[in-house]
Amino acid sequence: MTRADSRRVPPEQIDAVVKALYTEADRLDWEHLSPQRRTALYDTWVTDPQIGAVLTEFMSAETARSWIKDGPMKEYRRARQGAGRYAKFGSRQGPTAAQIVAHALGTEAVIMDGTVGVKPFHCVATMNGAGSTFVAWGEARNFRHLVWAALSHLTDNPTDSAALVIIETMAEPTPSADKARQESIAQRCSLALKYYRVANERRPTAAGSEQ
Amino acid sequence: MSSEPRVAVGEETIDVTPHPRLLAVLGDIEFAPWQCLAELIDNAFDDFLTAPPDGETPTVAISLPARGSDRRDAQVWINDNGRGMSLDHLSGAVSAGWTSNARYGKLGLFGMGFNIATARLGNTTTVRTTRAGDPDWISVTLDLHNMAANADFEVPVVREPKDDLSVHGTEIIISGLKQEQHEALSRQQVKIRRVLGDVYSYLLREKGFSLLVDNTAVQPLLPCVWNHDRAVVVSGERIPAYIPIDKQLSPLLACLDCGRWQDLGLTRCEECGGSNLEERERRVTGWLGIQRYSHKTDFGVDFLRNGRKILVRDLSLFSWADPNEPGARPIPEYPIEVPNEGRIVGEIHLDHVRVNYQKNAFEYDTPEWKYAVRVLRGDGPLRPQFARSMGYDTNESPIGLLFTGYRRLDPGLRRLVPGDGKTAIHQKARDWAELFRKGVADYQDDTVWYEAARQHDIPKPTVPPEATQPSEDPELDARTRLDIPEPGEATPGPIDPPPARETEEQKQQRYRTVGQVLPDISGEYSLPNYSTWNVTVYALSGTELLDNNEQHVPVYAQGQRGPEVHVFVDLEHPLFTEFGSDPREHAVLSIAEYMRERRGSSAAVSSIVAELKDRCLPDQRVTPSALAAIAHSLLARVRDAMRPVIAGNAEGFWSLIGADDHAATEQTYASEGLDRAWDDVRAAGDWISYAPVTSVARLIGQRPGDFFDGKVFRASYAAFQDSHARSLAVSRIVGYLNDVGLLAERRARPRPDDLNRARLSCRLLDDELAEVSTDE
Numbered sequence: 001m002t003r004a005d006s007r008r009v010p011p012e013q014i015d016a017v018v019k020a021l022y023t024e025a026d027r028l029d030w031e032h033l034s035p036q037r038r039t040a041l042y043d044t045w046v047t048d049p050q051i052g053a054v055l056t057e058f059m060s061a062e063t064a065r066s067w068i069k070d071g072p073m074k075e076y077r078r079a080r081q082g083a084g085r086y087a088k089f090g091s092r093q094g095p096t097a098a099q100i101v102a103h104a105l106g107t108e109a110v111i112m113d114g115t116v117g118v119k120p121f122h123c124v125a126t127m128n129g130a131g132s133t134f135v136a137w138g139e140a141r142n143f144r145h146l147v148w149a150a151l152s153h154l155t156d157n158p159t160d161s162a163a164l165v166i167i168e169t170m171a172e173p174t175p176s177a178d179k180a181r182q183e184s185i186a187q188r189c190s191l192a193l194k195y196y197r198v199a200n201e202r203r204p205t206a207a208g209s210e211q
Numbered sequence: 001m002s003s004e005p006r007v008a009v010g011e012e013t014i015d016v017t018p019h020p021r022l023l024a025v026l027g028d029i030e031f032a033p034w035q036c037l038a039e040l041i042d043n044a045f046d047d048f049l050t051a052p053p054d055g056e057t058p059t060v061a062i063s064l065p066a067r068g069s070d071r072r073d074a075q076v077w078i079n080d081n082g083r084g085m086s087l088d089h090l091s092g093a094v095s096a097g098w099t100s101n102a103r104y105g106k107l108g109l110f111g112m113g114f115n116i117a118t119a120r121l122g123n124t125t126t127v128r129t130t131r132a133g134d135p136d137w138i139s140v141t142l143d144l145h146n147m148a149a150n151a152d153f154e155v156p157v158v159r160e161p162k163d164d165l166s167v168h169g170t171e172i173i174i175s176g177l178k179q180e181q182h183e184a185l186s187r188q189q190v191k192i193r194r195v196l197g198d199v200y201s202y203l204l205r206e207k208g209f210s211l212l213v214d215n216t217a218v219q220p221l222l223p224c225v226w227n228h229d230r231a232v233v234v235s236g237e238r239i240p241a242y243i244p245i246d247k248q249l250s251p252l253l254a255c256l257d258c259g260r261w262q263d264l265g266l267t268r269c270e271e272c273g274g275s276n277l278e279e280r281e282r283r284v285t286g287w288l289g290i291q292r293y294s295h296k297t298d299f300g301v302d303f304l305r306n307g308r309k310i311l312v313r314d315l316s317l318f319s320w321a322d323p324n325e326p327g328a329r330p331i332p333e334y335p336i337e338v339p340n341e342g343r344i345v346g347e348i349h350l351d352h353v354r355v356n357y358q359k360n361a362f363e364y365d366t367p368e369w370k371y372a373v374r375v376l377r378g379d380g381p382l383r384p385q386f387a388r389s390m391g392y393d394t395n396e397s398p399i400g401l402l403f404t405g406y407r408r409l410d411p412g413l414r415r416l417v418p419g420d421g422k423t424a425i426h427q428k429a430r431d432w433a434e435l436f437r438k439g440v441a442d443y444q445d446d447t448v449w450y451e452a453a454r455q456h457d458i459p460k461p462t463v464p465p466e467a468t469q470p471s472e473d474p475e476l477d478a479r480t481r482l483d484i485p486e487p488g489e490a491t492p493g494p495i496d497p498p499p500a501r502e503t504e505e506q507k508q509q510r511y512r513t514v515g516q517v518l519p520d521i522s523g524e525y526s527l528p529n530y531s532t533w534n535v536t537v538y539a540l541s542g543t544e545l546l547d548n549n550e551q552h553v554p555v556y557a558q559g560q561r562g563p564e565v566h567v568f569v570d571l572e573h574p575l576f577t578e579f580g581s582d583p584r585e586h587a588v589l590s591i592a593e594y595m596r597e598r599r600g601s602s603a604a605v606s607s608i609v610a611e612l613k614d615r616c617l618p619d620q621r622v623t624p625s626a627l628a629a630i631a632h633s634l635l636a637r638v639r640d641a642m643r644p645v646i647a648g649n650a651e652g653f654w655s656l657i658g659a660d661d662h663a664a665t666e667q668t669y670a671s672e673g674l675d676r677a678w679d680d681v682r683a684a685g686d687w688i689s690y691a692p693v694t695s696v697a698r699l700i701g702q703r704p705g706d707f708f709d710g711k712v713f714r715a716s717y718a719a720f721q722d723s724h725a726r727s728l729a730v731s732r733i734v735g736y737l738n739d740v741g742l743l744a745e746r747r748a749r750p751r752p753d754d755l756n757r758a759r760l761s762c763r764l765l766d767d768e769l770a771e772v773s774t775d776e
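These protein sequence lines map, in sequence, to chains A and B.
First residue of the first sequence? That's 1 in UniProt numbering, and the numbers climb one at a time after it.
First residue of the second sequence? That's 1 in UniProt numbering, and the numbers climb one at a time after it.
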């Protein structure tokens, strides 16, 4: 029902709404807001002239609220990592594949064309043409998905090697006990393991894609 | 045994370096968990204030052990993206007693905060730090048990190469947490976030600093005050609800070694002899204002130093201590009137006043603190009468003004207090403040509170004149009432299509447009076993209310989308205008009926109403104690208004009230324990403030000419020629007074009829009271 309702909205208006939403979310530091605050914001946005007011011309306020919540805002985090339906509106904060590969394998490593993918983020890189390495990266909470992706790749490509990169932010450091556990699991599976610290994101004043 | 730290005997010296055990002992100093974190936050915020990170949000991210975590693995992290430290700086930062700050400019003050805070939290602390451009992170680990066991202060430095040279910042990782700290930190995240949001409110909201606890932003606690342009008028003087403060003191030299201020031109500190002097600006800045709600404890002035709250909701400025009596206990002056709730608040920056090392008090004996107190609350007492009796002029300081304008909590715009037409709705005002703090859009500015105060003043529906005195042309009259244009001036009729019949939705929209929201009974209605409804009540005047069967009804409740319910009340329905029923009562009744119907409940509507009032409308309670508060406040106003008259012939009036009342008055005065000589009080006529209600009524009965005709009461007296008319006027007022007196002294029988009679008497007496300029 939600999707059907949103289809009635002309695409360029949807784009403008998502853009306005993400600008607001960036400004308010959405990722660090408590659930309570987020609830209050959904209500505010439903009456915002650039957001809710546009939507409610085509749907009820209630539907607009749930579209905002389950549509663009559910995608917000992924959009900021440059993935998902609304990737072009996300203000890019995650590291690029090239940065990750340079961190994991060194600056000489080259990403092979067409190997970059998502869920989890991954690619295949090669060092001077000598052997290829599967690299998967993500947050510590998705560690098991990284392991699974690497093992799957190695099963299909037994001559490759694999490296995992765990993304840390200053707000979410990996506690040493978890780190020790991750290291022994990676070792058991013959996977290289690195940690990549994302520099503190700036709270932007303007949104938009920033490649 | 020697008390000298260093004893020189010829060339010999002894080494007084303390044992490393000292570092662990610092952890015995009483610091609450949040205070420990705050010490470490202060270090980072100091750095941000000096040099905010370029193009990044200045952020401190704290990560606390999870609920149910194993204490042995648990860690506390405090990470910041400040400039980071050099090895030298790091070595100073972890050494007790060292400080990089020019001491008296910053939050981190004593160079001990780091050691106290970390030792209090746990046994092992690692500090990792790096500056932009440094090739590696440098880190040191202080293991207090090891250091004490080995009697060694030396700790190894570890270097870890950096991938990205531009990274900068500092991380503090504390492990080996103490049992009680682990308990508190892993269970009290919400509480810690709330305290930090209060203490750092200013820096978070004005400087754009970000503080994260477990990846959730600490929200600055925002002051919920009236809009800056609101004001009340007392004795012809406009008193704003918001007073900005900016008082600059002459700059002085600050000694960066001991903190003492001294005159410009000196080259050495008069206190410690140091030459590290720096000229500094000194200001008292910020604001004082009135909160949109009153509260027993949540009011008072916040005092900040460099953006951090040192005193939170401080009440000391509301007391007065006689400077001529050293050691005299300060006398609380606000709030002193029932219901004993305060609403004066403020945020005052005193960057130049020294604080104690726990950062929870200023040094109150310094001239700087005393000056700030004088700027904000003046020298004399706040209460004018008391001030005069102590030899002071009226207190015209900012707090003195706010006291005059806002100390009373009578509902209505006159005092800026939300009400419901009958009584103040303090609880509702506090509930709305919760919504303000949750960020709910409608509650961000003060409209809801202001409307409730405004509507309280709107007179109750009275019988409209046209109902009793039909005009010459009844048709014209109906037209005016329904806002139908004159036939002549109407837009050409024949071309217009016949007006379409109004749909139910259009009709309700029309009601919403012309109606006025009654905020005091709107809001969330919820009972156990019933759904929760968001009710908005609209009061209509001059618009006939039709239900969905086109019946003319006094009240009409309609469900909207989801949990929204709109209730429309026709204030001019005969039920209210001719039978005197209370529109609000009927609105609540219809809400109860709506809830009952939707639930399919067979409960009696009356029992639902009772429960709704109990849970959702506590302000409407007509308990003896709630009413006593109203009566007290009203009587205080009557006595105040009478005082100038009494003062004209204090002894004469005194002799009128009789021996029993003399005794009662003296006893009341004695029990309040005021210092002023009773003879003075009597001579000045101020005894009326302590006289029982019976004597107030007696005075009015005996000397009505002195108190009527706008002197205290509006009612006419002297103009009446007829003696019966005169006595009727007097007995009416005296009757109300006696009712109010019974209520104030809680002698009214707690039967509903008696309570209602007393409540009406309060209202009627209030209406009779003339707008007299009293000096309080």
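Read the hints as simulated data drawn from the structure, not as lab findings.
None of these values were measured; they are calculated from a predicted model.
Heads up, the beta-carbon is just placed ideally off N, CA and C, and yes, glycines get one too.
Treat each hint with caution, since some may be false.
Calculated lysine to aspartate or glutamate pairs in the DMTMM-like style (CA-CA distance at most 25 angstroms, straight line) [to be verified]:
| no. | chain 1 | residue 1 | chain 2 | residue 2 |
| --- | --- | --- | --- | --- |
| 1 | B | K178 | B | E154 |
| 2 | B | K162 | A | E168 |
| 3 | B | K178 | A | D178 |
| 4 | B | K207 | A | D29 |
| 5 | A | K69 | B | D46 |
| 6 | B | K438 | A | D15 |
| 7 | B | K422 | B | D457 |
| 8 | B | K438 | B | E278 |
Label pairs and their calculated CB-CB ranges [said to hold, decoys possible]:
| no. | chain 1 | residue 1 | chain 2 | residue 2 | range |
| --- | --- | --- | --- | --- | --- |
| 9 | B | R598 | A | S184 | 55 to 61 angstroms |
| 10 | B | R21 | A | S184 | 32 to 38 angstroms |
| 11 | A | D70 | B | R21 | 55 to 61 angstroms |
| 12 | B | D152 | A | R77 | 56 to 62 angstroms |
| 13 | B | G92 | A | D29 | 32 to 38 angstroms |
| 14 | A | K74 | B | E564 | 23 to 29 angstroms |
| 15 | B | G92 | A | D70 | 49 to 55 angstroms |
| 16 | B | E564 | A | D70 | 19 to 25 angstroms |
| 17 | A | S184 | B | S91 | 33 to 39 angstroms |
Compare the distance between the alpha carbons of A/K69 and B/D46 with 25 angstroms, and conclude whether the hinted pair is satisfied.
The hint is violated at about 38 angstroms.
Restraint check for B/K438 with B/E278, where alpha carbons must lie at most 25 angstroms apart:
violated (44 angstroms)
Status of the given 33 to 39 angstroms range, CB of B/S91 versus CB of A/S184:
Once the Cβ atoms are compared, 34 angstroms apart, the range 33 to 39 angstroms for B/S91 and A/S184 holds.
Taken at face value, is the distance from the CA of A/D29 to the CA of B/K207 at most 25 angstroms?
Between B/K207 and A/D29 the Cα gap is close to 15 angstroms, so the pair holds against 25 angstroms.
Does the hinted range 23 to 29 angstroms hold for A/K74 and B/E564 at CB?
holds (25 angstroms)
Falls inside 55 to 61 angstroms, the C-beta gap from B/R598 to A/S184?
Distance hint for B/R598, A/S184 holds at roughly 58 angstroms.
Holds or violated: B/K422 with B/D457, Cα cutoff 25 angstroms?
holds (9 angstroms)
Restraint status (C-alpha distance of B/K178 to A/D178 at most 25 angstroms):
With Cα atoms ~21 angstroms apart, B/K178 and A/D178 stay inside 25 angstroms; holds.
Between the alpha carbons of B/K178 and B/E154, is the straight-line distance 25 angstroms or under?
With a Cα-Cα distance of about 24 angstroms, the restraint between B/K178 and B/E154 holds, given a limit of 25 angstroms.
In this structure, is the beta-carbon distance linking B/R21 and A/S184 contained in 32 to 38 angstroms?
Holds: the Cβ-Cβ distance is about 37 angstroms, inside 32 to 38 angstroms.
Would you say the C-beta atoms of B/E564 and A/D70 sit inside 19 to 25 angstroms of each other?
Given about 21 angstroms between the Cβ atoms, the range holds.
For the pair supplied as a hint, B/K162 and A/E168, is the alpha-carbon distance within the 25 angstroms limit?
Since the Cα atoms of B/K162 and A/E168 sit roughly 14 angstroms apart, the hinted pair holds (cutoff 25 angstroms).
Hint check: violations occur at hints 5, 6, 8 and 12; the rest are consistent with the structure.
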